[in-house]
Amino acid sequence: MAATEKDDVKLHMLAEDQQDNIHLDETAPNGFEDEVKPTAVTAIKASGGNADVQDKSAQGRNMYFKDGKRRIDYVLAWELDDDDDKHKNRNIKAREIFEKNLREEGLQLEEDLTVSKDEEADFMKVHAPYEVLTRYAEILKLKMPVKKSFKNMQSYQNPMKSVSTKLWTKVTGIAKRIYTPFQLNEDQVPHIKRRFTLVYSRDKEYLFDIPEDRDTFFDNATRSRIVNFILRRKSFSTDKNDAYSFGINKMINDNIYTAAYSLHEGHWKPGSAPNERKLLFDHWGNWRNMFKVQPLEHVRNYFGAKIGIYFTWLGFYTMMLIPASIVGLVVFIYGIAVAPDSYPAKEICDPKNNFTMCPLCDFQCPYWNLYESCSNAIASRMFDNGGTVFFAIFMSFWGTLFLEFWKRRQASMQYKWDLLDYVREEQPPRPEYLARLENCTHYRLHPITGLKEPHLPFWTKRVPIFLMSYSIMFFLGFLAIAAVFGVIAYRVSVLAALQVLTKDRPTSTNSSLVATTTATIYENASLVTTVTAACINLLIIIILNMIYSRLAFWLTDLECLRTQKEYDDSITLKLFALQFVNYYSSIIYIAFFKGRIIGRPGKYTTMFGARQEECAAGGCLIELCIQLAIIMTGKQLFVNNFTELVLPKLIKMIKRCLSKETKAEKASRASYEKDYKLEAAQTTSLFYEYLEMVLQFGFLTIFVAAFPLGPLFSLINNIIEIRMDSSKMITHLRRPLADRSPDIGIWYSVLYGISRIAIISNAFIIALTSDYIPRMVYLNSYSKDDSLKGYLNHTMSYFNTSDFEADHRPTYAGSEHIQICRYRDFRNPPWSENAYEFSQLYWHILAARFVFVVVFQNVIVFITGLIAWLIPDVPAQLKVQIRREAYISNEIIIKTELLRAQGKSPEEGEAAIEAISDVGLQYQQDDTGSAKLMFRKSPGNSPEREEENIV
Numbered sequence: 001m002a003a004t005e006k007d008d009v010k011l012h013m014l015a016e017d018q019q020d021n022i023h024l025d026e027t028a029p030n031g032f033e034d035e036v037k038p039t040a041v042t043a044i045k046a047s048g049g050n051a052d053v054q055d056k057s058a059q060g061r062n063m064y065f066k067d068g069k070r071r072i073d074y075v076l077a078w079e080l081d082d083d084d085d086k087h088k089n090r091n092i093k094a095r096e097i098f099e100k101n102l103r104e105e106g107l108q109l110e111e112d113l114t115v116s117k118d119e120e121a122d123f124m125k126v127h128a129p130y131e132v133l134t135r136y137a138e139i140l141k142l143k144m145p146v147k148k149s150f151k152n153m154q155s156y157q158n159p160m161k162s163v164s165t166k167l168w169t170k171v172t173g174i175a176k177r178i179y180t181p182f183q184l185n186e187d188q189v190p191h192i193k194r195r196f197t198l199v200y201s202r203d204k205e206y207l208f209d210i211p212e213d214r215d216t217f218f219d220n221a222t223r224s225r226i227v228n229f230i231l232r233r234k235s236f237s238t239d240k241n242d243a244y245s246f247g248i249n250k251m252i253n254d255n256i257y258t259a260a261y262s263l264h265e266g267h268w269k270p271g272s273a274p275n276e277r278k279l280l281f282d283h284w285g286n287w288r289n290m291f292k293v294q295p296l297e298h299v300r301n302y303f304g305a306k307i308g309i310y311f312t313w314l315g316f317y318t319m320m321l322i323p324a325s326i327v328g329l330v331v332f333i334y335g336i337a338v339a340p341d342s343y344p345a346k347e348i349c350d351p352k353n354n355f356t357m358c359p360l361c362d363f364q365c366p367y368w369n370l371y372e373s374c375s376n377a378i379a380s381r382m383f384d385n386g387g388t389v390f391f392a393i394f395m396s397f398w399g400t401l402f403l404e405f406w407k408r409r410q411a412s413m414q415y416k417w418d419l420l421d422y423v424r425e426e427q428p429p430r431p432e433y434l435a436r437l438e439n440c441t442h443y444r445l446h447p448i449t450g451l452k453e454p455h456l457p458f459w460t461k462r463v464p465i466f467l468m469s470y471s472i473m474f475f476l477g478f479l480a481i482a483a484v485f486g487v488i489a490y491r492v493s494v495l496a497a498l499q500v501l502t503k504d505r506p507t508s509t510n511s512s513l514v515a516t517t518t519a520t521i522y523e524n525a526s527l528v529t530t531v532t533a534a535c536i537n538l539l540i541i542i543i544l545n546m547i548y549s550r551l552a553f554w555l556t557d558l559e560c561l562r563t564q565k566e567y568d569d570s571i572t573l574k575l576f577a578l579q580f581v582n583y584y585s586s587i588i589y590i591a592f593f594k595g596r597i598i599g600r601p602g603k604y605t606t607m608f609g610a611r612q613e614e615c616a617a618g619g620c621l622i623e624l625c626i627q628l629a630i631i632m633t634g635k636q637l638f639v640n641n642f643t644e645l646v647l648p649k650l651i652k653m654i655k656r657c658l659s660k661e662t663k664a665e666k667a668s669r670a671s672y673e674k675d676y677k678l679e680a681a682q683t684t685s686l687f688y689e690y691l692e693m694v695l696q697f698g699f700l701t702i703f704v705a706a707f708p709l710g711p712l713f714s715l716i717n718n719i720i721e722i723r724m725d726s727s728k729m730i731t732h733l734r735r736p737l738a739d740r741s742p743d744i745g746i747w748y749s750v751l752y753g754i755s756r757i758a759i760i761s762n763a764f765i766i767a768l769t770s771d772y773i774p775r776m777v778y779l780n781s782y783s784k785d786d787s788l789k790g791y792l793n794h795t796m797s798y799f800n801t802s803d804f805e806a807d808h809r810p811t812y813a814g815s816e817h818i819q820i821c822r823y824r825d826f827r828n829p830p831w832s833e834n835a836y837e838f839s840q841l842y843w844h845i846l847a848a849r850f851v852f853v854v855v856f857q858n859v860i861v862f863i864t865g866l867i868a869w870l871i872p873d874v875p876a877q878l879k880v881q882i883r884r885e886a887y888i889s890n891e892i893i894i895k896t897e898l899l900r901a902q903g904k905s906p907e908e909g910e911a912a913i914e915a916i917s918d919v920g921l922q923y924q925q926d927d928t929g930s931a932k933l934m935f936r937k938s939p940g941n942s943p944e945r946e947e948e949n950i951v
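Residue numbers are given in the UniProt record's numbering: position 403 of the sequence shown equals residue 403, and the series is strictly consecutive.
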């Protein structure tokens, strides 16, 4: 390449990405994107390559070849080879063969080789001509807009409305007024109306709304998806029998190319020229709009339906958390209000009720007075009250309503985004699969594609791998359970150590602060132990999480799964199962096992020679609440947000400090060079986002009875999460493939399973962990004045200290003077005939708990099942609209084909299409995509007669 040619190339590269800070030229025919005009290059020459001048180009980022006409639809990048000549020549030959096959397919390529040694990679720009796009649009059965749609149909308001319709209109009107401040400004974020579409056919191209500039018929996301489809299926070997050497993913895996991506449309920073990426950042990824609704149509157009569906689901889930948060906050405030005045708390806090309690540990632990646990008892009553039961029932219904309304919302989005007839493409083998089977001797014909592919025998290869994989998974699960036992040992030992600190011991010191602190720790030993243990448990969970993530991927790689979908489903199952055990095992222990098998004074159940830990005087529910609060909020508000928000910014700052590249040099880079510097968008990126939210849904539903503030914390987290995820995709990642997906996949089944488990879990938490059932039994069967007076004494059993075994007898000074101590249980007193056996009250309460669980579970399951049955998955009005569009599609095709057969002009055909669109049922579409049937218009009728046709 001559020196002058190199200079021209560099000037064009300087012009490409330095046009971001200029306002859009209103005369530009292509909107946000236009070709590089000579004025841009002239400005660069005049400025001597000054970056500030280049940034003021009026056309925005250049997205075209050097000729300024052909659009860059995809970019292939490869770094300069430092390997030996053998690998270097192999890669060069593979690229040549691959690029030759792409040209034969009709794609146009333009190479951009390095001009200086400082540049990191070479690039190949790919352009898909209109003929290639139309051919593959037909193959992929893409839906494209037709010439006429429902845009000419006028909405009509029915003057004769029923009472229910009027009431619903008023309710929705109030909701819309409340919702107005959270809406986006349509002047800044234009609303994208749904176009009437048909499956594209080259034979019926006259039906489609093809502009004069035919290259703009396909949007940028569709163009890149078609090019990616071609890239994934082209070979880079001359051997036609080579089943391994094909597809861009395999080439990247073999380091022949280092990246393949589509370009971002412009810059996102303030002052950049108007473009879709900047619009998304300003009104979606910007923190000042964190309380605004998401521009989902623009997200879908830019990133594709798969990412659009995720953010639609996340936004819908966050919106559904609002009523749950309000109810949870009301229940929490109610608990604060009633806790000090509840009789159990009053009786515990009354020093007159001088209950001497049995020691909490052997040997060193002293006898203690019950009123010392006053603060713990009051805190426990904040969460253990009648509001807890109501909230558990409410959240059971909420979980079902969320899933049912999501299905309706999903159906609406499928309709709006043309995903109703979505058929998954037959996926090619994963490049990692082909690489692992490169030396495989077993082949078979694939039943779908008919291609000869390597195959792993089921019994001799796959079964041993699966057995080993899931055996390791069980071991990893037991590792999390072992960690729980370690935390239990910590709690037992620390509680015993804190109990040894008596209130009398610090009086000898001269420091009143030390004395007060020691006394406070002694009185709140259980709370201190619970909080510190929960923090340690959170740290263990984070460490195990990192181990589980790496091992789960390693095990899935060993299974050698053929397609990406099989791989994704397998890794989803593994990681969710492992993280379920990791996050929930300690919570499950506190909720259902702690304090159940401790035995009694004089006959404690021991494990490894130590006593089991028991619940505090206020019960185990407050400990469960603390554990939930620390793990849930610690994981989401601190750990996740730090890794997703703070850590990337720190890494970016460090890279910027270490980089020797000047601002001018950075600004002079071409658009594809800038995007190459960004982090690659991984196929598993959405997987981790879904996993995080599904685990949060589990915290909310399975253990919601213990933590009514959970929905509020989740709501705050999700508002932050939406902006973090959107900002990350816009600013930190290369533009992901605009893939299509009609739903959230396997995650819906996981959510449904969690909602079913939650019903059982909440029933047992209320029945076993809380004191709700014992209080109700006492109130209805044993109370003399229909109040909870005397309930505390009712729940305390007696123990004769002389019955302590020698190995467990307290050696604390003065303990020999205590003859009777009390403990929480329902057992006969020592003077009874059946001393220390379970009393009749115990069996009464146990029966009541069993009845409550059965009734609660069956009633909730029946009602939620009835709700799910009553709420259709697809809105009835949407069904009518879908049928209507299918009818109009057929009528348009039949009418136009008839007119063409009669030799009439295209203008007459368009008039016929318009007549078909204007006559018939009329619809008004709402924001959710549902279509409201308005009226039936008959030709020749007067307005008065048309009112009679209102449906």
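Think of the hints as simulated: they come from the structure by calculation, not from any bench. Ideal placement from N, C-alpha and C gives every residue a C-beta, glycine not left out. Check each hint, because a few of them may be wrong.
[To be verified] Computed spacing ranges between beta-carbons, pair by pair: (1) Leu113 <-> Phe458: 45 to 55 angstroms; (2) Phe592 <-> Lys170: 27 to 37 angstroms; (3) Asn858 <-> Tyr470: 13 to 23 angstroms; (4) Ile465 <-> Leu658: 39 to 49 angstroms.
Hints, one by one, checked against the model:
One distance hint, 45 to 55 angstroms for the beta-carbon pair Leu113 and Phe458, holds here, with the actual separation near 48 angstroms. Checked against the hint of 27 to 37 angstroms, the C-beta distance between Phe592 and Lys170 comes to roughly 47 angstroms, which is inconsistent with it. As the Cβ distance of Asn858 to Tyr470 is approximately 34 angstroms, the hint placing it in 13 to 23 angstroms is violated. A beta carbon spacing of about 43 angstroms between Ile465 and Leu658 agrees with the range 39 to 49 angstroms that was offered as a hint.
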